[in-house]
Amino acid sequence: MDSDHCYHCGQPVPTGVDLVVSIDEQPQAMCCGGCQAVAQAIVGNGLADYYRHRDALPSSPREALPAIVEGLQLYDHANFQKSFVRVLGDRGECSEREAALILEGISCSACIWLNEQHLSRLAGVTSVDINYATRRARVRWDERRIKLSGILAAIAAIGYRAYPYDAAKSEELARKERRSALWRVFVAGFGMMQVMMYAVPVYLAGAGEMTPEVEQLMRWASLALTLPVIFYSAAPFFGNAWRDLRLRRVGMDVPVALGIGAAFAASVWATLTAGGEVYFDSVTMFVFFLLSGRFLEMTARQRAVSVTEALARLMPVVAARVPAYPANRDAVQVMAADLRPGDVVLVRPGETIPADGQVIEGQSSADESLLTGESAPVSKRPGASVTGGAINIESPLLVEVTAVGEGTRLSAIVRLMERAAAEKPRIVELADRIASRFIVTLLFLAAAVAVAWWFIDPGRALWITVSVLVVTCPCALSLATPVALTVASGAMARVGLLVTRSHAVETLARASHFVFDKTGTLTSGRMQLLELLPLGTLDQTASLALAAALEQASEHPIGAALRAAAAGEHLPTVHSPSNEPGCGVAAVHGGRQVRLGRPDHALALHGKPLPESAQALLASGDTVVALADEAGWIALMRLGDALRPEAAGMVAALRAHGRQVALLTGDGEPAARRVARALGIDEVQANASPQAKQDYVRRLQASGAVVAMVGDGVNDAPVLAQAQVSVAMGGGSQLARTQADLILLSENLDHLRRGFLVARSSLYVLRQNLLWSFAYNLVALPLAMTGFITPWMAGVGMSGSSLLVVANSLRLQKIAGS
Numbered sequence: 174m175d176s177d178h179c180y181h182c183g184q185p186v187p188t189g190v191d192l193v194v195s196i197d198e199q200p201q202a203m204c205c206g207g208c209q210a211v212a213q214a215i216v217g218n219g220l221a222d223y224y225r226h227r228d229a230l231p232s233s234p235r236e237a238l239p240a241i242v243e244g245l246q247l248y249d250h251a252n253f254q255k256s257f258v259r260v261l262g263d264r265g266e267c268s269e270r271e272a273a274l275i276l277e278g279i280s281c282s283a284c285i286w287l288n289e290q291h292l293s294r295l296a297g298v299t300s301v302d303i304n305y306a307t308r309r310a311r312v313r314w315d316e317r318r319i320k321l322s323g324i325l326a327a328i329a330a331i332g333y334r335a336y337p338y339d340a341a342k343s344e345e346l347a348r349k350e351r352r353s354a355l356w357r358v359f360v361a362g363f364g365m366m367q368v369m370m371y372a373v374p375v376y377l378a379g380a381g382e383m384t385p386e387v388e389q390l391m392r393w394a395s396l397a398l399t400l401p402v403i404f405y406s407a408a409p410f411f412g413n414a415w416r417d418l419r420l421r422r423v424g425m426d427v428p429v430a431l432g433i434g435a436a437f438a439a440s441v442w443a444t445l446t447a448g449g450e451v452y453f454d455s456v457t458m459f460v461f462f463l464l465s466g467r468f469l470e471m472t473a474r475q476r477a478v479s480v481t482e483a484l485a486r487l488m489p490v491v492a493a494r495v496p497a498y499p500a501n502r503d504a505v506q507v508m509a510a511d512l513r514p515g516d517v518v519l520v521r522p523g524e525t526i527p528a529d530g531q532v533i534e535g536q537s538s539a540d541e542s543l544l545t546g547e548s549a550p551v552s553k554r555p556g557a558s559v560t561g562g563a564i565n566i567e568s569p570l571l572v573e574v575t576a577v578g579e580g581t582r583l584s585a586i587v588r589l590m591e592r593a594a595a596e597k598p599r600i601v602e603l604a605d606r607i608a609s610r611f612i613v614t615l616l617f618l619a620a621a622v623a624v625a626w627w628f629i630d631p632g633r634a635l636w637i638t639v640s641v642l643v644v645t646c647p648c649a650l651s652l653a654t655p656v657a658l659t660v661a662s663g664a665m666a667r668v669g670l671l672v673t674r675s676h677a678v679e680t681l682a683r684a685s686h687f688v689f690d691k692t693g694t695l696t697s698g699r700m701q702l703l704e705l706l707p708l709g710t711l712d713q714t715a716s717l718a719l720a721a722a723l724e725q726a727s728e729h730p731i732g733a734a735l736r737a738a739a740a741g742e743h744l745p746t747v748h749s750p751s752n753e754p755g756c757g758v759a760a761v762h763g764g765r766q767v768r769l770g771r772p773d774h775a776l777a778l779h780g781k782p783l784p785e786s787a788q789a790l791l792a793s794g795d796t797v798v799a800l801a802d803e804a805g806w807i808a809l810m811r812l813g814d815a816l817r818p819e820a821a822g823m824v825a826a827l828r829a830h831g832r833q834v835a836l837l838t839g840d841g842e843p844a845a846r847r848v849a850r851a852l853g854i855d856e857v858q859a860n861a862s863p864q865a866k867q868d869y870v871r872r873l874q875a876s877g878a879v880v881a882m883v884g885d886g887v888n889d890a891p892v893l894a895q896a897q898v899s900v901a902m903g904g905g906s907q908l909a910r911t912q913a914d915l916i917l918l919s920e921n922l923d924h925l926r927r928g929f930l931v932a933r934s935s936l937y938v939l940r941q942n943l944l945w946s947f948a949y950n951l952v953a954l955p956l957a958m959t960g961f962i963t964p965w966m967a968g969v970g971m972s973g974s975s976l977l978v979v980a981n982s983l984r985l986q987k988i989a990g991s
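Counting from 1 along the sequence shown, just add 173 to a position and that's the residue number in the numbering used here.
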């Protein structure tokens with residue numbers, strides 16, 4: 174222990190001060206109580222890595238409090254955590270939290286691996302998932318064992334910065350990343366052009382045309398112009414490589430930094446000794462092309478995650494609250510975060526609805542396209558539910574708030590998208606493992622190439638080794654899978670199919686059997702009038718109007734369906750209405766007793782048998798109600814769950830792509846067969862209990878089928894869990910707690926068809942990306958080893974391969990829009 178200087182800040186320890194902190198089981202001297210307290214906080218939070226890995230002592234006492242411990246109390250404050258931390262449990266043995274974070278400083282998949290490994294070793298951290306494309310991290314920890322500030326500090330200790338996720342901060346970091354990258358590209362490009370001005374005359378000069386003094390002057394000028402490129406533009410490569418080596422790990426910037434550093438060092442030595450070859454032009458050109466490729470890849474990646482970012486920005490910051498509705502309708506501006514359930518807000522035309530709620534006054538329509546993928550505006554009347562983030566289009570609405578903050582449908586959607594983005598499918602993990610092992614193999618191979626060429630032609634050994642190190646860096650391989658899946662997830666979200674599990678895109682594309690529930694899935698899930706058969710003197714219109722008049726005060730689904738069917742019709746007057754539970758309703762009309770309900774209940778009023786023409790209606794399997802008076806039958810009405818208009822087209826499209834389609838329902842055989850015939854489905858299982866549905870799917874899986882189950886997400890929970898990939902219809906109240914792999918937010922089955930096409934195309938794109946990545950390395954490596962690829966060509970190849978993978982993945986966005 175050096176007792177003369179403070180171990181924490183580096184300042185001299187005053188005479189007579191005897192303060193120590195045990196760091197790595199060694200007592201270390203501190204100059205004052207402040208440094209002692211900070212050091213104890215660092216060690217106490219499990220952050221001793223800060224001392225092991227810091228590159229330098231603070232330059233002033235003011236900087237002795239490192240960034241990793243600033244704001245410890247702020248990050249751990251419950252109110253501060255509200256917007257980005259979820260409490261998963263806080264009773265008994267469970268005190269788990271989950272935070273959504275943004276990471277700054279991520280440059281490749283090795284950075285992701287490093288952060289995940291580092292955090293997972295912290296006591297109290299239960300899981301860490303980081304997405305390369307979005308730079309988002311999902312971290313879970315036990316609040317009793319470690320604090321959030323400790324996690325953020327541990328990230329800072331290995332050279333990265335983590336911030337609580339919010340849309341504004343994410344956009345700010347993205348702009349900062351683009352601006353910094355663009356400046357590095359500019360400096361590298363400017364340096365490259367200037368260095369080439371001095372290199373070209375040397376290349377073109379014939380024997381004796383340029384004196385050694387002039388050539389040496391050219392070299393010194395090239396060195397001076399290369400220095401900013403090395404120490405500014407290429408600084409991230411060296412910084413990342415040094416961090417990886419210091420932590421005994423090998424990332425993708427290690428071979429790049431070795432290549433740049435070796436070529437630059439050899440050129441400096443040749444300049445100082447006035448002998449040998451210089452590679453300043455190749456170095457600057459390589460750095461420029463590599464940075465240009467990374468800048469374009471970063472821009473494309475940020476574009477790929479635009480859907481999630483756009484959703485996160487939907488909710489407005491302020492809202493117009495009506496504090497004394499209905500007595501006083503004057504609205505006052507408040508923060509949207511301060512709204513509470515029961516508040517009434519005024520939403521003017523063109524404004525965004527600030528929270529989930531119910532319309533209590535006004536008629537308008539709302540644009541929910543970004544939430545559901547449904548482009549047509551949705552009509553909103555009193556009693557209709559509205560979703561926070563949707564845009565009011567036509568006229569003012571008064572809305573009573575029902576859910577705010579994390580409880581809103583939009584928050585649930587964003588949370589599920591973040592979960593899917595953070596989780597790693599098996600194919601991504603496999604690609605990452607291959608890439609990390611490939612880098613180690615590459616370093617050994619480059620060393621062997623250097624030794625071999627030293628004996629063959631020492632003058633070419635350096636630049637051939639540099640080319641080998643650079644050209645085969647597996648950036649494209651690491652990007653191939655996550656970028657394709659991220660773009661596919663965003664494209665599917667645009668059409669209203671929300672991906673909530675990482676494997677869903679791949680599994681949906683491979684599904685061989687699509688199994689559908691009937692009620693609420695292939696059908697609307699709401700009772701509707703399907704057919705009306707007049708049996709007396711009244712025609713269809715008059716019979717329907719009379720039935721609706723009888724049901725005016727009824728809350729039964731049948732009554733609601735009849736009133737909806739008769740909307741806009743003039744209803745006759747009825748007297749003395751009464752209701753007989755389980756049988757129907759009765760009233761007096763035109764001096765006669767009239768009944769509407771079960772056929773046997775109507776039959777008891779007049780005693781006349783039904784005509785033969787009505788038997789087919791009764792045998793349909795749907796709900797049939799009879800309208801009759803004392804003189805006889807007036808009409809029979811068949812009510813049921815109407816087919817979704819896009820269901821037939823969706824089934825036909827799946828079958829056209831070679832997928833088997835089956836219908837499982839708890840309804841009776843006649844109703845199930847009628848739906849199957851209308852949709853062209855051959856395989857039908859009616860009267861199926863939840864257990865029978867699960868057994869059916871299990872039998873398919875036993876025969877080797879990959880099953881996609883589509884249901885309403887409530888009573889189909891067991892069979893949804895059994896299937897390899899599950900799709901739930903997007904009912905708002907069920908959304909937050911659903912465990913389905915995909916959610917059809919729009920409840921438009923045509924969007925499921927489009928989502929399936931995107932998933933299917935994503936597999937093709939993913940395979941193309943992987944094939945290109947492997948083919949590129951197999952071709953480029955022998956060429957580099959035999960000296961056919963120069964360092965600048967290697968930089969172009971490496972950058973171009975990564976950019977091609979990203980550009981190929983972005984094609985999925987066009988497929989979704991078609």
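Everything labelled a hint here was simulated from the structure, so no lab data went into it. It is possible that some hints are incorrect.
What the hints assert, rightly or not - Calculated cross-link-like contacts (lysine to any residue; reagent style SDA-like; alpha-carbon spacing at most 25 Å):
#, residue 1, residue 2
1, K987, R674
2, K349, P374
3, K987, F468
Tested hints:
1. K987 / R674: Given pair K987, R674 holds - Cα atoms ~23 Å apart, limit 25 Å.
2. K349 / P374: Distance of about 39 Å is beyond 25 Å: violated.
3. K987 / F468: holds (22 Å)
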